[in-house]
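FYI, the numbering for the sequence shown is 1 to 616, going by our numbering.
Treat the hints with care, since some could be wrong.
[As the list claims (entries may be wrong)] Derived lysine to aspartate or glutamate pairs resembling EDC-like cross-links, with alpha carbons at most 16 Å apart:
| # | residue 1 | residue 2 |
| --- | --- | --- |
| 1 | Lys233 | Glu135 |
| 2 | Lys389 | Glu300 |
| 3 | Lys389 | Glu364 |
| 4 | Lys233 | Asp137 |
| 5 | Lys608 | Glu528 |
| 6 | Lys4 | Asp544 |
| 7 | Lys389 | Glu311 |
Don't read these hints as lab results, they were simulated from the structure.
Since the model is a prediction, treat every value here as computed from it, not as a measurement.
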Amino acid sequence: MLNKFPLWKNLLVLFVVLLGALYSAPNLYPDDPAVQISHEDQDITEFDMGTVTDALRAAEIEYFGDVVDGRVGLVRFNNLEDQLRGKTVIEQTLGGGYFSALNLAPTTPGWLQAINAGKMSLGLDLQGGVHFLMEVDMEAALSRRMENNMSNIRQLLRTERIRSRALTLENSNLIQIRFDDEESRSAARALIRTNFAELQPINREQGDSYFLELSLTAADVLQMQRDTIAANKTTILNRVDSLGVAEPVVQQQGVNRIVVELPGVQDTAQAKRILQRIATLQFHLEAPPGAPPSSYTTYEYQGQLVNVSNEVILQGDRVANVRSALDQQGLPQVEINLDAQGGEQFSRVTRDNIGTLMDIVLSETKTRSTFVPGENGEMIEQQETYEEKRLISHAVIRAALGRVFVITGLSTQEANELSLLIRSGALAAPMYFVEERTLGPSLGAENIEQGTRAVYIGFGLVLVFMLWYYRVFGLAANIALAVNVLLLIAVMSIISATLTLPGIFGIVLIVGMAVDANVLIFTRIREELASGLSPQGAISAGFDRALSTILDANITTLLVGIVLFSIGTGPVKGFAVTLMIGIITSIFTSIVVTRAVVNLIYGGRAVKTLSIGPYA
Numbered sequence: 001m002l003n004k005f006p007l008w009k010n011l012l013v014l015f016v017v018l019l020g021a022l023y024s025a026p027n028l029y030p031d032d033p034a035v036q037i038s039h040e041d042q043d044i045t046e047f048d049m050g051t052v053t054d055a056l057r058a059a060e061i062e063y064f065g066d067v068v069d070g071r072v073g074l075v076r077f078n079n080l081e082d083q084l085r086g087k088t089v090i091e092q093t094l095g096g097g098y099f100s101a102l103n104l105a106p107t108t109p110g111w112l113q114a115i116n117a118g119k120m121s122l123g124l125d126l127q128g129g130v131h132f133l134m135e136v137d138m139e140a141a142l143s144r145r146m147e148n149n150m151s152n153i154r155q156l157l158r159t160e161r162i163r164s165r166a167l168t169l170e171n172s173n174l175i176q177i178r179f180d181d182e183e184s185r186s187a188a189r190a191l192i193r194t195n196f197a198e199l200q201p202i203n204r205e206q207g208d209s210y211f212l213e214l215s216l217t218a219a220d221v222l223q224m225q226r227d228t229i230a231a232n233k234t235t236i237l238n239r240v241d242s243l244g245v246a247e248p249v250v251q252q253q254g255v256n257r258i259v260v261e262l263p264g265v266q267d268t269a270q271a272k273r274i275l276q277r278i279a280t281l282q283f284h285l286e287a288p289p290g291a292p293p294s295s296y297t298t299y300e301y302q303g304q305l306v307n308v309s310n311e312v313i314l315q316g317d318r319v320a321n322v323r324s325a326l327d328q329q330g331l332p333q334v335e336i337n338l339d340a341q342g343g344e345q346f347s348r349v350t351r352d353n354i355g356t357l358m359d360i361v362l363s364e365t366k367t368r369s370t371f372v373p374g375e376n377g378e379m380i381e382q383q384e385t386y387e388e389k390r391l392i393s394h395a396v397i398r399a400a401l402g403r404v405f406v407i408t409g410l411s412t413q414e415a416n417e418l419s420l421l422i423r424s425g426a427l428a429a430p431m432y433f434v435e436e437r438t439l440g441p442s443l444g445a446e447n448i449e450q451g452t453r454a455v456y457i458g459f460g461l462v463l464v465f466m467l468w469y470y471r472v473f474g475l476a477a478n479i480a481l482a483v484n485v486l487l488l489i490a491v492m493s494i495i496s497a498t499l500t501l502p503g504i505f506g507i508v509l510i511v512g513m514a515v516d517a518n519v520l521i522f523t524r525i526r527e528e529l530a531s532g533l534s535p536q537g538a539i540s541a542g543f544d545r546a547l548s549t550i551l552d553a554n555i556t557t558l559l560v561g562i563v564l565f566s567i568g569t570g571p572v573k574g575f576a577v578t579l580m581i582g583i584i585t586s587i588f589t590s591i592v593v594t595r596a597v598v599n600l601i602y603g604g605r606a607v608k609t610l611s612i613g614p615y616a
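Hey, can you work out the whole structure from these sequences and the hints?
Here is the structure:
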């Protein structure tokens, strides 16, 4: 029958609409302001939460919903003012080792969470958060690389019994070796050219001394800088992701800077702790008996004191990959994979020191909070960065080791934590904060209010115009338009897309584009009626013949959205996400949902006129 959907198709449309309503529903439940509590070394206990709640009651700060969830505790507050006051009280009560961060706790009902229905993630401009501009210390990266090379050259010359008077790092890109004779310098030059292809040797004489100067070429330095900033960018992103920050922005700016944006994080000090807590491995040999105290550092390892030589035989920046696994006996171990140069250096050192004890030191940079009294007697929080080193492996070198080796003797938790710290925390070079700013949740709420008002106004004007100009068909278009917005929100919630302020404006644009498709259809129906076609025939022809035009227009716009998403960042990408999803949902609603409503009104019965506005 003309203009009559079969029952299954009507039920399918109804099912899609109900599914959209179900998965968009969590966005109706606003999050509660909360403070998240954690500890750097242990789980949060009920005793810790009791201490916190007692302090909050003593300070007369209203709270509710204090719970322990896994390793962290969460305290909910009624408003932002109580949240900020509560965080200060919690920090002063718990002291060092504990971290407290402003957070937003979901209020979505459990039955919605059970079907994985969640809210859209909000961007920095809507939810608030912190923005950092960090600069990579390229000089330090170059110096670290050259110091590593110098240490290995010293070891190589000692092994090959080539005597040198002095081996020094003159600047970040110049190693200078002094010899007493030309023969020693020539032998050292040939050896270094074979084992350190990246270093360019230059001979120089001064008086009775023969110098060999080694440096990286400009091309090698440039490549090292590119590798360094790429490695640091990946490290920061992994560190932020491992701590559960939703939709962080980590992108390169210029040749040596990285922009970091963390939506939902309102505590600048806490965000710095996230970024600064880094870890790297250092490989040493045990200090020989009788070595001077200044040449080694003493560590405690499994109840015994171990003297570890201060000379680093391999730095952690040569670690290409690390993962925790189980050995053949089912015991935990950490598998470490070195890069090509690191593997060659490690193989040479271990081959020359079989029977010697090798030590692996985990160096971790941390930040702790201290409170000092201010001028007016109030307690002021200060941040202190410190380095913590511990010996994690002390074993005899049984044979020459290659690029891949394992660390054993760890518990399962220690193996997992070690692999995570190294994998996500080994910065290739130090970084410094150049700029920082905080976008408060109040400003984000204002952006949401203004953006939502724009959507309401645009939506309302379109509804009124369509209803006035297209009568009953305008009502069908308005129903489809409401379903379109519903499905758009549902899809963004399902895929956890991030909604930004430009994304809200993208929704306003989609409202106009969705109606534009209906305008094409209705105009075509008017033309068919004017040409003498029957009402039922005009409806069928209008939808069928306008389909190709609608698809052409929307597909070309979808391609533009894909390009914006692939090459854009920040606000551009947020706009592109909304645009692409909106185009797909608008095609469905303007063609399928609008026709389903029109068919319910006019389909399957004899009609002489259509309420679609004036036509010739």
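message = Flag every earlier hint the structure violates by its number, smallest first.
response = none
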